[in-house]
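Undergrad: Sequence:
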Amino acid sequence: MSTHTEPEADIASLGGRLAQAAHARSPLRAVGAASAVAAKVAVEAGFDALWVSGLEVSTALGLPDENVLGPRDLADTVRALARTAPLPAIVDVDNAGGQIATARRFADDLAHAGASALCLEDSAYPKSNSFALHRTQQLAPVSLMQEQLTAMRAAAGSEMLLIARTEALICGASLFEALERAASYVAAGADAVLIHSKDTSGDQALATGAAWAGTAPLVTVPTAFPHLEPDKLGEAGFALAIYANQLSRAALAAMRQAAASFAATGSFTSGGTPLSDVADLLQVADPTARACL
16 MSTHTEPEAD IASLGGRLAQ AAHARSPLRA VGAASAVAAK VAVEAGFDAL
66 WVSGLEVSTA LGLPDENVLG PRDLADTVRA LARTAPLPAI VDVDNAGGQI
116 ATARRFADDL AHAGASALCL EDSAYPKSNS FALHRTQQLA PVSLMQEQLT
166 AMRAAAGSEM LLIARTEALI CGASLFEALE RAASYVAAGA DAVLIHSKDT
216 SGDQALATGA AWAGTAPLVT VPTAFPHLEP DKLGEAGFAL AIYANQLSRA
266 ALAAMRQAAA SFAATGSFTS GGTPLSDVAD LLQVADPTAR ACL
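According to my numbering, the sequence shown is numbered sequentially starting from 16.
If you are wondering where the hints come from, they were derived from the structure by calculation, not from laboratory data.
Fair warning: there could be bad hints in the mix.
[To be verified] Calculated pairs, EDC-like style, for lysine to aspartate or glutamate (alpha carbon to alpha carbon, straight line, at most 16 Å):
| # | residue 1 | residue 2 |
| --- | --- | --- |
| 1 | Lys55 | Asp295 |
| 2 | Lys247 | Asp218 |
| 3 | Lys55 | Asp301 |
[As the list claims (entries may be wrong)] Label-pair ranges, simulated between beta-carbon atoms:
| # | residue 1 | residue 2 | range |
| --- | --- | --- | --- |
| 4 | Val157 | Asp246 | 29 to 35 Å |
| 5 | Ser216 | Arg40 | 17 to 23 Å |
| 6 | Thr280 | Gly85 | 38 to 44 Å |
No experiment lies behind these values; they were computed from the predicted model shown.
We put the beta carbon where it would ideally sit given N, CA and C, even for glycine.
Start from the sequences and build out the full structure, keeping to the hints where you can.
TA: This is the structure in C-alpha cells:
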C-alpha cells in the first residue's frame, strides 16, 4: 500500500465532489492511466481522477479485452498509480466475470488496494469491447447486475463509489431500455450511472442527459464523440467525463513516430521527435532524482 496520506483525502471526497459537479453542471474529468508514468502526466495536466481501464491494462499486458484480467492485475495497477498520483482511482471491472462471487472478490481486493470507485457493466460474459467489430456485445440479465452490485457493496463498504454502466445503447437497445436499466441499478445501490454510447455525432449522449430523471449523477465516456467538450457535457447533465484511453493512444502514436524516425535515420533525435530527459523519467518515481541527461 502507498504510504502517502494525500491520496486518501481525495478518495474520501470523490462522492461529494461528484454530487457538487452534478449540481454545478461542471463535470469532473478522469483520464485513463495504466502506469505510474501516465498517472504523473494526469496530475500535471490537472485531471480530477484516474480511470483504470480494462482495455488499457489488458493491452499493457498483451492480453485481449475479453474478461482476461483478474483482480490482482487491477489491484497492482491501482497500487502503482498511487505511488505517483494523489488522485482517486476509478477502476473498470468490466462485468466482474459475469458472476456474483467474482464481483464480490473484485470489490474486496480493489477496496484493499486503495481504489475509490468501481465501475461495473451489464455486458454478458465474456465481454466484448464496446467498439469492437470482430465480436458482438450481449447484455446480461438486469437481475444479475443488481445482485452483483449488492455483493460489491457488502464487500467494499459504504465508502466505495459504485458506478453502474449499461451497454444497452451499444447493443442496439432503445434509450428507454437503457434508462430503465440504469434506474434499476440505482435502486440496487449504484451511486452513479454510465449509459455508454458509440454514436459519433454525440446526439445520443446529449439525449441521454436530457432524458435522465434520476437523482444519481450521470457519467459519460466521450471516446466516440470527442468534439463534445467538458463544458458542453456538463450542460447536458453529466457529472463525470472519463477520457478512457487517450493517453495510451497518444503514447502508441509517439512511440511509433520515434521508432520510424530511428529506422529512417539511425537516430532517435534527428527526426525532430520530442524525447523527455532521462531525469524526467527518473523523477516519475523519485522526485529528488537527478541525471546528467
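Undergrad: Now tell me, hint by hint, if it's right for this structure.
TA: Verification of the supplied hints:
1. Of the supplied pair hints, the one linking lysine 55 and aspartate 295 holds, its CA atoms being roughly 11 Å apart against a limit of 16 Å.
2. Note on lysine 247 and aspartate 218: the hinted pairing holds, with a Cα-Cα distance of about 12 Å set against a maximum of 16 Å.
3. Taking the CA atoms of lysine 55 and aspartate 301, the gap is near 11 Å; set against the 16 Å cutoff, the hint holds.
4. A hinted range of 29 to 35 Å for the beta carbons of valine 157 and aspartate 246 is consistent with their spacing of about 34 Å.
5. Evaluation of the 17 to 23 Å hint for serine 216 and arginine 40 yields a pass: the beta carbon distance comes to about 21 Å.
6. At about 42 Å, the CB distance of threonine 280 to glycine 85 agrees with the hint of 38 to 44 Å.
Consistency with the previously given hints is maintained throughout, with no hint failing.
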